[in-house]
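Visitor: If you read the protein sequences in the order shown, they are chains A and B.
Residue 1 is where the first sequence starts when you use the working numbering, and the numbers rise one by one after that.
Residue 1001 is where the second sequence starts when you use the working numbering, and the numbers rise one by one after that.
Just so you know, the hints here were simulated from the structure itself, not pulled from any lab data.
Any given hint might turn out to be false.
When the alpha-carbon atoms are kept at most 27 Å apart in a straight line, the in silico DSS-like pairs for lysine-lysine are as follows [stated by the list, open to error]:
1. A:Lys-117 / B:Lys-1009
2. A:Lys-266 / A:Lys-294
3. A:Lys-279 / A:Lys-253
4. A:Lys-268 / A:Lys-279
5. A:Lys-116 / B:Lys-1009
6. A:Lys-253 / B:Lys-1017
7. A:Lys-186 / A:Lys-217
8. A:Lys-36 / A:Lys-249
9. A:Lys-217 / A:Lys-249
10. A:Lys-36 / B:Lys-1012
11. B:Lys-1012 / A:Lys-249
12. A:Lys-294 / A:Lys-217
13. A:Lys-36 / B:Lys-1071
14. A:Lys-249 / B:Lys-1017
15. A:Lys-217 / A:Lys-36
16. A:Lys-279 / A:Lys-266
17. B:Lys-1080 / A:Lys-36
18. B:Lys-1071 / B:Lys-1032
19. A:Lys-249 / B:Lys-1009
20. A:Lys-217 / B:Lys-1017
21. A:Lys-278 / A:Lys-268
22. A:Lys-186 / A:Lys-268
23. A:Lys-117 / A:Lys-249
24. A:Lys-117 / A:Lys-186
25. A:Lys-253 / B:Lys-1009
26. B:Lys-1072 / A:Lys-36
27. B:Lys-1032 / A:Lys-36
28. A:Lys-294 / A:Lys-186
So these bits of chain A aren't anywhere near chain B, every CB distance computed over 12 Å [said to hold, decoys possible]:
29. Cys-50
30. Leu-209
31. Arg-216
32. Val-300
33. Ile-312
Nothing here was measured: the structure is a model prediction, and the numbers come from that model.
The beta carbon of each residue, even a glycine, is placed where N, CA and C say it ideally should be.
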Amino acid sequence: MAGTWGRISTAVSPFPNPHYCVVYMRTGISMAEIPKEEYVLKCTSGCAGCSSTLCLRYILKAAGPETVLVMPACCTSVIQGAYPNTAMNVPVYNIAFASAAACASGISASYRSLGKKTNIIVYAGDGGTVDIGLQALSGAFERGTDFLYICYDNEAYGNTGMQRSGSTPLGALTTTTPAGKIHAKKDIDSIVAAHSPPYMASACSAYPLDLFKKVRKALEVRGPTFIHVLAPCPPGWRFPSDQTIEVGKLAVKTGMWILWEREYGKLKISAPSRAAVKKPEPLATYFSAQGRFKGIDPAVAEQLRNEVRRNIQRFVREEEQSCDQ
Amino acid sequence: MRKRLATSKPTKGSSGKTGSWRTFRPVVDPEKCNACGMCALYCPEAAIDEDLRVDVDFCKGCGICATECPKKAITMEREKR
C-alpha cells in the first residue's frame, strides 16, 4: 500500500507585500496564495463568530471546486441552511452520525473507479468522530480509503446545546456536567495514529493559513488522511463572539492545543506551537478567558496542568526521536 | 431515475439577510487602516471583500475584525433601529 501513496510537495512562493512577511514566516504560506473564490456563500445560519464557518471557508479554498463533502449530523449540517437553499457551493452529502467515514469510503471507491481525482472530505464534529463515528472512522482507515477526514473539535455536542462529549477536557462545565467534567479528554489522535495513516495533523481555527497549508498537503497524499482542528465555540465555551480567534491563539500559546503534523510517521511541531512548547504561557489565562472553566477546583486545574505538561513533553520527545532516524 | 430529487440549490442568503441579527456594526476608520487584510482573513462570514469593504447585509456583527485589527482601525458601534 505504501508504494501507491504519492509524494508530498509544498509550493512556496515569494511574498510581494511586506505586510505579509509575518504571516509568511509564521506558517510558510502567504495570504496572496489563498484563492479568492468562496465556496461557503454568505448568510449561513451559523452563530456570529462561529469558527467552524471560518475553518470550512479555508478548507474549501484549499480543496477547490472538485470536492465532495460528507457530513454527519453536526453544527455544519445546520450551517448549510434550510431545504430549498444551501450555503455550500460544493456537493454535500448528509449522512447519519455513525456512518460518515463508511459513506466516504463508498463515494471514494466509485470516483476512483471512474478514474476521477475528486477530493472526498468528511467534515465531522467531535461527537461524530470521537464518540459515535469512531468505528466507521477506524474501518475506513483500515481499508486505506483515499479521503481526508477533518474533525472540527468544539469539545462538546454544540448543535444540541453543549452536552459533554468524549472530547470535553477535564474540569470543563457543560450542560450535562454542571460541576465540571471528571474524566480526561479522549486522545483521538493516538487512536488514529495507531492506524498509521500517511499524513495526519492538528490545526486551530485561529491559524487559518496553517490550516490551509495542511489541507493542501493532506489532499496531495493518496490514502486516508486526518486533520484535527480546534474550533472555539462562543456560546458553548461562554466567551464573547469577538474573542473566537483570541481564545484559539491562547489555546495554542498555553500548550493546551499543540499544532503538529505527522508525515509517514515523522512528527513535526508546526511553527505557531514552537514557542509554546518551549515556554508555555500560564494555563490560568486560558481558563479566565472562558466561562466554562469558571470556578474550577484548584486540584482539578493542577491535574489539567500536569496533563498539558506531560502532553508537551510527549510531543517534544517524539519529534526529537523522529529527527534522529 | 426520479425526476424530483430533494437537492438544495447553492444560494447567497440561504438563511435570509443575516445582517438583521447584528447588535453592533463595524465602522472602519480609513485614516488608521493600512489595508493589511487581517479582518478579511479572519471574518467567518466572508463579509469583508478584497477592497476591505464590509457587506452590512450579511455581517452578523461578531466583532472579530475589530479585535484582530492590528491598527485598531475598526470600532463596533451600537446599531440604531
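Visitor: The structure should be examined with respect to each hint, and the outcome stated for every one.
Guide: Hints versus structure:
no. : hint                    : in the structure
1   : A:Lys-117 / B:Lys-1009  : holds, 24 Å
2   : A:Lys-266 / A:Lys-294   : violated, 38 Å
3   : A:Lys-279 / A:Lys-253   : holds, 9 Å
4   : A:Lys-268 / A:Lys-279   : holds, 17 Å
5   : A:Lys-116 / B:Lys-1009  : holds, 24 Å
6   : A:Lys-253 / B:Lys-1017  : violated, 36 Å
7   : A:Lys-186 / A:Lys-217   : holds, 26 Å
8   : A:Lys-36 / A:Lys-249    : holds, 25 Å
9   : A:Lys-217 / A:Lys-249   : holds, 23 Å
10  : A:Lys-36 / B:Lys-1012   : holds, 16 Å
11  : B:Lys-1012 / A:Lys-249  : violated, 31 Å
12  : A:Lys-294 / A:Lys-217   : violated, 38 Å
13  : A:Lys-36 / B:Lys-1071   : holds, 24 Å
14  : A:Lys-249 / B:Lys-1017  : violated, 30 Å
15  : A:Lys-217 / A:Lys-36    : holds, 19 Å
16  : A:Lys-279 / A:Lys-266   : holds, 23 Å
17  : B:Lys-1080 / A:Lys-36   : violated, 33 Å
18  : B:Lys-1071 / B:Lys-1032 : holds, 6 Å
19  : A:Lys-249 / B:Lys-1009  : violated, 36 Å
20  : A:Lys-217 / B:Lys-1017  : violated, 36 Å
21  : A:Lys-278 / A:Lys-268   : holds, 14 Å
22  : A:Lys-186 / A:Lys-268   : holds, 22 Å
23  : A:Lys-117 / A:Lys-249   : violated, 35 Å
24  : A:Lys-117 / A:Lys-186   : violated, 34 Å
25  : A:Lys-253 / B:Lys-1009  : violated, 41 Å
26  : B:Lys-1072 / A:Lys-36   : holds, 25 Å
27  : B:Lys-1032 / A:Lys-36   : holds, 25 Å
28  : A:Lys-294 / A:Lys-186   : holds, 22 Å
29  : Cys-50                  : violated, 5 Å
30  : Leu-209                 : violated, 8 Å
31  : Arg-216                 : holds, 17 Å
32  : Val-300                 : holds, 29 Å
33  : Ile-312                 : holds, 27 Å
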